[in-house]
Amino acid sequence: MIAIVNYGAGNIASVKRAFEYLGYTCTVTSDPDLIERSDRFVVPGVGNFQTTTLLSTNALAPALARQVSLGKPLLGICLGMQWLFQFSDEAPGVLGLGAFTGRCQSLPAAVKSPHVGWDQLEICWQSRLLRGIGSGGFVYFTHRYCAPVIEATVATCDYGASFSAAVEDGNIFGVQFHPEKSGETGLVVLENFCTC
Amino acid sequence: MLTKRIIACLDVSGGRVVKGVRFSQLCDAGDPAELARRHADGGADEIVLLDISATREGRATLLDVVRRSARELFIPYTVGGGIHSLHEAAAVVEAGADKVVINSAAVTRPELITEIAYRFGSQAVIVALDAKRGSVTGRSEVWVAGGTESTEMDVLAWVKEAENRGAGEILLTSIEHDGTRTGFDCELTARVFAAVNIPVIASGGAGTTEHFIEVFRNGCADAALAASIFHYGLHSIRELKKNLAAEGLPMRLPC
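So the protein sequences, as listed, match chains D and W. Position one of the first sequence corresponds to residue 1 (my numbering), numbered consecutively onward. Position one of the second sequence corresponds to residue 1 (my numbering), numbered consecutively onward.
Derived from the structure by calculation, the hints contain no laboratory data. All residues carry an ideal CB built from backbone N, CA and C; glycine is no exception. Please note that a few of the clues may not be correct.
What the hints assert, rightly or not - Derived CB-CB ranges, DEER-like: (1) Glu247(W) with Ala109(D): 25 to 35 Å; (2) Ile213(W) with Glu122(D): 25 to 35 Å; (3) Met1(D) with Pro254(W): 46 to 56 Å; (4) Met1(W) with Gln105(D): 20 to 30 Å; (5) Gly93(D) with Pro250(W): 31 to 41 Å; (6) Pro108(D) with Gly248(W): 16 to 26 Å; (7) Pro254(W) with Gln126(D): 16 to 26 Å; (8) Glu187(W) with Ser56(D): 27 to 37 Å; (9) Ser135(D) with Ala157(W): 49 to 59 Å.
Claimed, not checked - Cross-link-like lysine to any residue pairs, in silico, SDA-like; alpha carbons within 20 Å at most: (10) Lys242(W) with Glu184(D); (11) Lys160(W) with Pro114(D); (12) Lys112(D) with Arg191(W).
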């Protein structure tokens, strides 16, 4: 079963619908016990990095960290991906999970922020998460902050500057875009995650 | 490259898609869930569903329509029409909308923008406004009540306020151009684009491929919305996007 972690950050019903459309059973939960019993985890989220403190205060972060250390796959979406990093300029002092090294920053001042709409992926290396998706593929973004390009970056997007559109390291995955709103390409990403 | 978006709009009344002919007679254009799906398959970058009945019975029907259409729609889905409270916004989000459109309720009580943005994020709030030149002042003003009543508010002042209060996007409809198929109000769109940092969706007047080129080039619109020209197959969205791409505009293709 896939546990979609509900920590009060925006609407996550669309993520659930997409997994169900693909034929997977999932549950939306904020119960650490249920997380312990699930096979895969999705941390969605929109809004401010500050909101991710709810993951810690509700004992969700330690439960997730424990399960991920056992090798179970975790996918962070949008704010959920930024949370996989150490910090964000959006909420200095708030710690992320720290699965990836680096600090999320606001988009460059030279471009309109937020970055809203369909933009293209530039594939860095053949990952499991983006299997079957080539450079130039379109996905839907809506964000003001972005994660730096690091070794674990499997795809970048260029908007004023290059940022991490997708990251992957072992059983930990993250996407800045919304796979549940990115048409067929997005559904491929979710399917890949379910079979990783 | 970030693409220009083509948004298909469905005007819904009593659970059916309708389209006004010269603002009066409404004719049936099909089932919303089916049309939404068809537009998504046909290359639309986003779907907007507007409830134009806005009656209490209509509301329950609308939520059912939103639920049904959201089930198989995996592109951004926006719902609006008659949303006056956080409670009503939450109901459409829970039914499956990614974003809500608020119009006159935001004018009456601008705090609503902040309330929805706080609960669901700014990306979930589109502030729509109907613009028309005031007969006395000659400047573009915000009109409400289906475009029959001027608030005398300046369009540019209002979009700035909406952005400051947490709007994620602006949906600008020109009353003078709406339904005419003579082209968008590019001049006003460009002024709104320059006034805010959030995306601007232009609406009202779409008729030909040329109109879309103009509103993206001269109007600087981030997205363009149209309804009837897509429903009756006057334009295939995919063909339109191919033509726009051939003109050098960034489009999501293949789609």
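So, going through the hints one by one against the coordinates:
The beta-carbon spacing between Glu247(W) and Ala109(D), approximately 30 Å, falls within the hinted interval of 25 to 35 Å. In this structure the supplied range 25 to 35 Å holds for Ile213(W) paired with Glu122(D), their Cβ-Cβ distance being about 28 Å. The beta-carbon spacing between Met1(D) and Pro254(W), approximately 35 Å, falls outside the hinted interval of 46 to 56 Å. Separated by about 21 Å at the C-beta atoms, Met1(W) and Gln105(D) satisfy the suggested range of 20 to 30 Å.
Taken as a hint, the range 31 to 41 Å holds for the pair Gly93(D) and Pro250(W), whose Cβ atoms sit roughly 38 Å apart. Taken as a hint, the range 16 to 26 Å holds for the pair Pro108(D) and Gly248(W), whose Cβ atoms sit roughly 24 Å apart. Taking the beta carbon of each, Pro254(W) and Gln126(D) are about 22 Å apart, inside 16 to 26 Å as hinted. Judged by the Cβ atoms, the range 27 to 37 Å given for Glu187(W) and Ser56(D) is violated: they are separated by roughly 50 Å.
Range check, Ser135(D) to Ala157(W): Cβ separation about 43 Å, and the 49 to 59 Å hint is violated. Pair hint Lys242(W) plus Glu184(D) holds up; C-alpha atoms about 19 Å apart against a cutoff of 20 Å. Between Lys160(W) and Pro114(D) the alpha-carbon distance is near 15 Å, which keeps this suggested pair within the 20 Å criterion. For the proposed pair Lys112(D) and Arg191(W), the alpha carbon gap of about 15 Å is at most 20 Å, so the pair holds.
When each numbered hint is compared with the structure, violations occur for hints 3, 8 and 9.
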